[in-house]
Amino acid sequence: MVDLNLLLHGFATVLSGYNIVALVLGSFFGIIIGAIPGLTATMGIALLVPFTFGMNPITGIVMLLGIYTGAIYGGGIASILIKTPGTPAAAATVFDGYPLAQKGMAGKAIGMATVASGIGGTFTALCLTFFAPILAKFALRFSAPEYFALAVFGLSVTVTLTGKSPLKGIISGCLGLLIAMVGLDPMGGFPRFTFGTTQLTGGFSFVPMLIGLFALSEGFRQVEVILTAPKVSAVLTNIIPTLRELRECTKTFVRSCIIGLIVGVTPAIGAETACFIGYSEAKRTSKHPELFGTGILEGVAAPQCAENASTGGDVLPMMTLGLPGDAATAVLMGALTIHNLQPGPLLFRDHLDLVHQMFAGMIVANLVYVILGLTFARLFAKVINIDRRFLVPLIFIACMVGSYAIGNDIFDMVTCVFFGFIGYIMIRYDYPVSPMVLAQILGVMMESNFRRSMAMSQDHLSILVTRPIAVTILILAAFTTITGIRRQRKALRQQAAMEAAASSGGAQG
Amino acid sequence: MANLTMKKADIIAVAIVIPICLYVFYESVKWPVPALLGRPFVIPRGVATFLLVAVFLLLYRAMKGRALELEKRLEGADLWRVIGAAVLTFGYLFVVERIGFFGTTLLYMLLFALVLGERRWPRLVLFAILVPLIAYVLFSTALHVPLPRGWIENSLRDHGLALIF
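Residue numbers (the numbering used here), protein chains in the order written: chain A, 1 to 509; chain B, 1 to 165.
It is possible that some hints are incorrect.
Stated by the list, open to error - Just a few of them, taken from the derived set where beta-carbon distance is under 8 Å, the chain B residues facing chain A:
{"hint": "1", "residue": "W31"}
{"hint": "2", "residue": "V95"}
{"hint": "3", "residue": "E97"}
{"hint": "4", "residue": "I99"}
{"hint": "5", "residue": "G117"}
Calculated from the structure, these hints are not laboratory results. The structure displayed is predicted, hence computed values, not measured ones. A virtual CB, placed ideally from N, CA and C, is assigned to each residue, including glycine.
This is chain A alone, in the form it adopts within the complex (with noise of 0.2 Å):
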């Protein structure tokens, strides 16, 4: 169970000094990096880790925090006022953030939107705080075996529902883990796939990786398209909600917060799902469905709210097993790492107080973003319009500074740009990117865990599957696989259907 002594000190840590300082700056550099559509939550994580580095744990997780929750927040506002989701988690707060700001209710919007994350956040922090050690303490009595288990687990979870095509998922996957290899044996010692070079020995530095693959990718992206975002003409007034407003959709915000922490435990899927899942609930419960899409705060409230809620159960897996949720969270980890804490179910037993200083940090994060959202949402909406040709510059400057920083090596800077290049070509050819990253974090642990599991059964694979949970685990990754790969096989079909029925119509025509 949660430890509330613990907990309080953490509230205090966080809210001491330059944590809290760290924690503003963040929320609003998240809120600003959600707010410009094109740039994500995961892009604004991987630029500031560098700039953690420096600090102490616990201020530069507070930070990143800050920043997470704030850029899934800031999404809605771009939404809302001209009609482009600022990050893709906030794509269905277009239906009814749009129409409202077409009826001069853009504040209101912007208000119900921010109170709504809000409530979402701190629904599922709370959550996280209580659920975390439970799942800890359980996680304890995994061995060698389960944690294989697991690892199969998340990369067949994170392969299958990733991306248009699982087999894309599937190649993008192997090969973050043919990635994972380069380097020194896990228990052997010797090099692997290193080309007689001393460089890789130490096989590919994690973190540039990720700014390459997650921030500097999307860079090239924008270079290739120089969006152009209309300019902002709403006038924002009567920005916080009334009490009336917040009563008619507690029914919202309660279905929006469930759904939200169902789907960011769901390991590989985040807050772009939540936010669909929980608007079409709204409208499927709602009294006065056809109202939806004409503008109604229910059809704001129940997107952001279950976006927000999907963070904490993200978190949830990462922090208790070591298993990333989604990408921000694989990015996350990435930072937690270099701090040198690795996330899973020790942390738990080694850091506590830091772990009850997070579980604060990710409390207070949620309400810092809605006091910046309410306070500043005139500023946020302005800095829509900035100009893309000073700012993708500036995002290439800052990736490959950011990752020379941690190790002051050029080579830092190579494996950035390089993954950054892959990373762009990935994208841009359907491959997603993320079972690439995650497939590294856990191709790490399944490995190892693998060896282990063989040195402790002397070589006899039984030892996987004669373990309940490990089998149990198992199973449900080959269920999971077969499901996603027949989901994609009937989407294929319906594809082919409706392009032979298109073909057929325009030979008759």
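Since chain A is already given, all that's left is putting chain B on it; use the hints.
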């Protein structure tokens, strides 16, 4: 610049990935097999085999014309700009240690903004000077990261800017 079709892109991906898989098999033969440490080649070869199966399926799908459609070409998309940015960025990596951070970044910012179509010269020059200066101060002074030094940093330090450079 013409876009690759998804079919061609998939075939190229297959052509790149197959040699990678074969290399895994080739190199794993040379690894030692220490006693009771699990077999080190099982996971790498397993992954390579899995990857081979996946790319052959992708190839089959591409050849049969069932490759997924490429996203529609976006309005204003320009691959030449990407190539320009990539050349500039790889060039930056090549010279930053020789020329130093300040000079290289100044030139990089200026050329990058030009590649992106910025032609308002006063803004451009101000931007190109301010970014490396702020980055240098932030990293070198506040975050204690020694950025690559060149003759510009050294001469600025000799001319009274020792606090920053």
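Do the hints match the structure? See the list:
no.	hint	verdict
1	W31	holds, 6 Å
2	V95	violated, 11 Å
3	E97	holds, 6 Å
4	I99	violated, 13 Å
5	G117	holds, 6 Å
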